[in-house]
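J.: One-letter residues, chain by chain:
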Amino acid sequence: MAFRAGVPLKDMEFVQYHPTGLPGTGILITEGSRGEGGVLLNKDGYRYLQDYDLGPPDPWPRKNAMELGPRDRLSQAFWHEQKKGRTIKTLHGDVVHLDLRALGEKKINERLPMVRDLAKSYVGVDPVYAPIPVRPVVHYTMGGIDSNIDAATSIEGLFTAGECACVSINGANRLGSNSLTELLVFGARAGQGAARIAAGSHKTNPGSAIQKQAEAAEGRIKKLFGANGGGETVSGLRDEMNTTMEEGAGIYRTDASLRQSCEKMNDIGKRFANIELKDKSNVYNTDLLHVLELGAMIDVARAIIVSALQRKESRGSHQRLDFIKRDDKTYLRHSLAHYVPGQDPDITYRDVVITRSKPGTRVYGGGQK
Amino acid sequence: MKRSHKPIIWSLFAAGGTFTAFMIPVMILITGLGVPLGLLPAQTLDYESVLAFVQHPLTRIALFGTIFLTVWHAAHRLRITAHDFGIRADRVVATIFYGLAAITTLVALVVLALI
Amino acid sequence: MTPRRIEFEILRYDPDKMQKPEFQTYLVPCEEDWVVLDALNYIKDELDRTLSYRWSCHMAVCGSCSMMINGEPTLSCKSFVRDLPNQVCIEPLNNFPIERDLVVVLDDFLGKLNSVKPYLIPREKKSLEEGVYLQSPAQLKKFKQFTLCINCTLCYAACPQYAHDENFVGPAALALAHRYNLDSRDVGRTARQDVVASNLGIWECSFVGACSEVCPHGVDPAGAIQQAKIASTGDYFMDLILPGRKS
Amino acid sequence: MSRRPYFRTVSRYGWWFAHPRYLRYMARELSSAFVGAYGGLVMFALWRLWQGEAEWNALVGFLQSPPSIGFHLVALAFALYHTITWFNVTPKAMPVQIGDRQFPGGIIVGTHYFVWAVVSLALFILAGAGT
Chain F
1 MAFRAGVPLK DMEFVQYHPT GLPGTGILIT EGSRGEGGVL LNKDGYRYLQ DYDLGPPDPW
61 PRKNAMELGP RDRLSQAFWH EQKKGRTIKT LHGDVVHLDL RALGEKKINE RLPMVRDLAK
121 SYVGVDPVYA PIPVRPVVHY TMGGIDSNID AATSIEGLFT AGECACVSIN GANRLGSNSL
181 TELLVFGARA GQGAARIAAG SHKTNPGSAI QKQAEAAEGR IKKLFGANGG GETVSGLRDE
241 MNTTMEEGAG IYRTDASLRQ SCEKMNDIGK RFANIELKDK SNVYNTDLLH VLELGAMIDV
301 ARAIIVSALQ RKESRGSHQR LDFIKRDDKT YLRHSLAHYV PGQDPDITYR DVVITRSKPG
361 TRVYGGGQK
Chain S
1 MKRSHKPIIW SLFAAGGTFT AFMIPVMILI TGLGVPLGLL PAQTLDYESV LAFVQHPLTR
61 IALFGTIFLT VWHAAHRLRI TAHDFGIRAD RVVATIFYGL AAITTLVALV VLALI
Chain E
1 MTPRRIEFEI LRYDPDKMQK PEFQTYLVPC EEDWVVLDAL NYIKDELDRT LSYRWSCHMA
61 VCGSCSMMIN GEPTLSCKSF VRDLPNQVCI EPLNNFPIER DLVVVLDDFL GKLNSVKPYL
121 IPREKKSLEE GVYLQSPAQL KKFKQFTLCI NCTLCYAACP QYAHDENFVG PAALALAHRY
181 NLDSRDVGRT ARQDVVASNL GIWECSFVGA CSEVCPHGVD PAGAIQQAKI ASTGDYFMDL
241 ILPGRKS
Chain A
1 MSRRPYFRTV SRYGWWFAHP RYLRYMAREL SSAFVGAYGG LVMFALWRLW QGEAEWNALV
61 GFLQSPPSIG FHLVALAFAL YHTITWFNVT PKAMPVQIGD RQFPGGIIVG THYFVWAVVS
121 LALFILAGAG T
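Chains as they are written, first to last, in the working numbering: chain F, 1 to 369; chain S, 1 to 115; chain E, 1 to 247; chain A, 1 to 131.
Among the clues, some could well be false.
[As the list claims (entries may be wrong)] List time: in silico DMTMM-like cross-link candidates among lysine to aspartate or glutamate, alpha-carbon distance up to 20 Å:
(1) F:Lys278 / E:Glu46
(2) S:Lys2 / E:Glu166
(3) F:Lys120 / E:Asp83
(4) F:Lys223 / E:Asp16
(5) F:Lys89 / E:Asp33
(6) F:Lys89 / E:Glu31
(7) F:Lys278 / E:Asp48
(8) F:Lys280 / E:Asp16
(9) F:Lys89 / E:Glu32
(10) F:Lys120 / E:Asp38
(11) F:Lys120 / E:Glu32
(12) E:Lys78 / E:Asp33
(13) E:Lys78 / F:Asp117
(14) F:Lys280 / E:Asp48
(15) E:Lys141 / A:Asp100
(16) F:Lys280 / F:Glu293
(17) E:Lys125 / E:Asp186
(18) F:Lys278 / E:Asp16
(19) S:Lys2 / E:Asp239
(20) E:Lys142 / A:Asp100
It should be emphasised that the hints constitute simulated quantities derived from the structure, not laboratory data.
Whole structure, please, built from the sequences with the hints as guidance.
T.: Written out as structure tokens, the structure reads:
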């Protein structure tokens with residue numbers, strides 16, 4: 001909504017994968033399970049992370065190495081293993097094993113009771129006796145509605161906070177629990193800012209321009225209620241969009257894959273016009289909600305693809321197989337996607353404000369000083 | 001909202017619940033089943049020995065406590081049970097059950113004082 | 001594994017079209033690792049897009065997919081198809097008005113939750129510079145169990161006292177009040193007692209215990225309420241002995 | 001909007017047949033009828049004792065009648081149910097925490113049962129001490 005109203009979406013190409021989600025449901029198995037000493041194994045029972053500059057494979061957990069490496073590196077390693085055919089095939093796609101057995105029942109119950117409960121319930125595996133099947137799952141969008149440190153956007157009176165926002169406390173990657181900061185700090189600031197504006201403004205009749213916008217929005221929904229026999233369904237388009245994004249704009253991207261996804265998403269965008277609303281009720285109509293959400297998701301997906309296409313480098317969670325190096329000279333900048341109705345968004349750039357933490361080389365495992 | 005006066009009756013209910021949980025099964029077993037069925041000696045309920053037993057000051061206090069706690073526990077619980085059975089005339093129900101408990105307590109007090 | 005066909009009887013209600021709720025049956029091919037929510041999503045995607053129900057996290061954390069499954073208040077994301085027979089009856093949560101299909105009106109619960117001031121009321125507000133409110137593990141342990149509540153309202157659906165008197169403050173709200181009362185950093189107990197220790201608060205509870213039995217996170221609202229009764233009884237007699245004392 | 005929330009009604013009298021846990025609850029609550037009746041009986045017995053030997057002996061005779069035995073059997077069953085349900089919830093109502101460790105509920109319940117057994121046995125021996 002903010003995007004369509006003219007607020008740019010910042011840094012949309014950066015999407016974080018969490019390396020250890022349950023297959024099928026995508027339920028996260030916390031980093032803590034690796035922090036306590038859980039190891040990742042491929043189908044040969046081999047700690048494959050040592051092949052990706054994350055070793056040496058100590059039997060104990062070591063900070064910033066092996067299983068405690070960053071989320072993007074771990075997810076990328078999975079991708080390579082999958083290409084090499086060393087992952088395990090299941091009904092819900094390929095997986096690797098997260099093995100907690102060395103911890104023993106007592107420690108698992110004491111430190112990771114929720115992990116045991118989730119694994120037993122949702123994949124039927126008791127981590128005390130068997131490894132948990134896991135795979136990378138889409139976890140967090142670092143980008144979002146461009147906002148400043150007061151959670152305000154370029155539209156006066158529009159504030160944003162949480163995952164939808166991009167204050168830029170994350171950059172191209174995200175540390176665990178940073179989303180709490182986004183909520184608590186910037187949620188409070190957004191609330192305070194909005195309250196200030198509300199207190200300063202007087203209740204007046206909305207201007208005719210706003211009235212018109214409201215009527216247009218209502219008209220669009222009424223049209224949906226009136227249309228019959230479009231043939232496209234929410235679940236059909238949504239599943240196609242999922243596959244398109246996963247294949248073309250997933251853990252690794254290339255110019256070709258992104259262009260293909262871009263075309264496909266444009267096609268999905270066109271077909272969305274033929275979507276048919278089956279539920280015509282005026283009360284708690286989730287079909288309508290899903291249609292509106294899907295429309296918004298299609299716009300966001302296109303912003304992700306186009307932002308990713310134009311960033312010809314690899315940085316954080318954005319990894320290009322055709323540009324594997326980071327390019328600070330050209331791309332140490334925020335991307336800003338601007339909405340253009342019916343077309344791909346326009347991308348502009350803004351310099352990054354660097355305060356205390358300077359960008360450095362990312363080295364993990366035994367390569368660290 | 002006004003703070004409730006339920007603590008008065010509830011404390012009797014709770015104390016009575018605990019007391020009866022410990023005491024009532026074995027008392028029923030002795031007086032209602034053991035002696036009448038001849039499993040325990042009949043002398044246990046023999047007039048002379050019971051009278052002597054009851055006239056002991058400590059026994060008087062203990063018996064009064066037993067009756068007092070038991071009937072008030074029961075009265076309060078039955079009041080709520082009546083509500084659970086769909087009887088909504090709470091005032092009437094409360095008057096009946098608490099009234100019965102009060103009468104029982106009073107009679108027990110008089111008898112135990114005079115016996 | 002071949003999917004098992006399960007017949008779902010779902011209570012439907014659309015105030016735009018219907019006078020009262022009616023059952024509708026759907027035959028769903030279920031995978032054995034599914035939860036009931038997966039089956040509902042299958043119905044929504046493949047069979048009937050007009051079915052309305054709430055859900056969000058699919059992992060028993062958000063508390064929005066509560067419903068009656070074969071007569072038992074349950075989170076549909078935690079109700080496994082493998083534990084269910086071939087016929088499953090699904091109804092909106094008991095003791096709440098039906099908004100639409102499986103969606104219920106939660107206004108009453110939210111109002112009650114608010115009425116017990118479910119937040120920390122510190123003795124004095126600390127500035128950022130003064131740092132955080134410290135607490136020892138022992139102090140945390142006192143109330144930790146009650147922090148696990150996800151406001152799924154299953155306990156309200158299970159509670160017969162709430163069913164018979166909608167003014168009863170109810171299990172989750174009272175348990176949450178107790179959670180803050182037990183918190184060493186909180187001094188809001190006196191303020192909460194006006195609601196908690198009223199006739200419609202803890203004293204409306206008859207300790208059926210159903211709330212604790214259906215809780216998906218093992219929170220024990222029934223226990224919390226009994227503990228509060230004992231504490232409030234103590235207060236009551238202390239107030240009688242020492243009128244005007246500060247609690 | 002055309003909201004029209006639908007209010008279902010709950011049976012005022014028969015609700016407790018809807019689920020076994022409600023039946024168990026009602027049985028627990030009804031135990032108080034028998035516990036209370038027994039309390040009344042004790043009061044009545046004292047009254048008879050006060051009246052004299054003949055009245056007392058009549059009562060003792062009545063205790064041996066089948067209706068009395070029947071009543072006491074049922075009352076015993078309910079009283080035991082009351083005891084069990086009461087003891088089992090004590091750790092919920094009165095949890096004990098020592099340091100940062102919760103005292104195991106099983107021990108609290110177990111202690112109750114142990115004391116109960118000792119008290120019951122003592123009374124039993126007292127009742128049979130005349131032999």
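J.: None of the hints should be skipped; say for each whether it holds.
T.: Going down the list of hints, with the structure as the test:
Straight-line distance between C-alpha atoms of Lys278 of chain F and Glu46 of chain E comes to about 12 Å, which keeps the hinted pair within the 20 Å bound. Taking the CA atoms of Lys2 of chain S and Glu166 of chain E, the gap is about 18 Å. The hint holds against a cut of 20 Å. For the proposed pair Lys120 of chain F and Asp83 of chain E, the alpha carbon gap of about 14 Å is at most 20 Å, so the pair holds. Between the alpha carbons of Lys223 of chain F and Asp16 of chain E the distance comes to roughly 19 Å, so the proposed pair stays at or under 20 Å and holds.
Between Lys89 of chain F and Asp33 of chain E the alpha-carbon distance is near 17 Å, which keeps this suggested pair within the 20 Å criterion. Proposed proximity of Lys89 of chain F and Glu31 of chain E is supported: the alpha carbons are some 17 Å apart, at most 20 Å. Proximity of Lys278 of chain F to Asp48 of chain E is assessed by CA-CA distance (about 8 Å); at most 20 Å being required, the pair is judged to hold. The suggested pairing of Lys280 of chain F with Asp16 of chain E holds, with an alpha-carbon distance near 9 Å, which does not exceed 20 Å.
At most 20 Å may separate the alpha-carbon atoms for a hinted pair to count; Lys89 of chain F and Glu32 of chain E meet this at roughly 18 Å. As the CA atoms of Lys120 of chain F and Asp38 of chain E are separated by approximately 17 Å, the hinted pair is consistent with the 20 Å bound. Proposed proximity of Lys120 of chain F and Glu32 of chain E is supported: the alpha carbons are some 14 Å apart, at most 20 Å. Of the pairs offered as hints, the one joining Lys78 of chain E and Asp33 of chain E holds, with about 11 Å between alpha carbons and a cut-off of 20 Å not exceeded.
Using a Cα cut-off of 20 Å, the hinted pair Lys78 of chain E and Asp117 of chain F holds, with the two alpha carbons roughly 11 Å apart. Of the pairs offered as hints, the one joining Lys280 of chain F and Asp48 of chain E holds, with about 13 Å between alpha carbons and a cut-off of 20 Å not exceeded. Distance hint between Lys141 of chain E and Asp100 of chain A is fulfilled; the C-alpha atoms sit about 6 Å from each other, no more than 20 Å. Taking the CA atoms of Lys280 of chain F and Glu293 of chain F, the gap is about 17 Å. The hint holds against a cut of 20 Å.
Note on Lys125 of chain E and Asp186 of chain E: the hinted pairing holds, with a Cα-Cα distance of about 11 Å set against a maximum of 20 Å. Taking the CA atoms of Lys278 of chain F and Asp16 of chain E, the gap is near 14 Å; set against the 20 Å cutoff, the hint holds. With a C-alpha separation of about 15 Å, the suggested pairing of Lys2 of chain S with Asp239 of chain E holds against the 20 Å cut-off. The straight-line distance between the Cα atoms of Lys142 of chain E and Asp100 of chain A is roughly 8 Å, inside the 20 Å bound, and the hint therefore holds.
Consistency note: the structure conflicts with none of the earlier hints.
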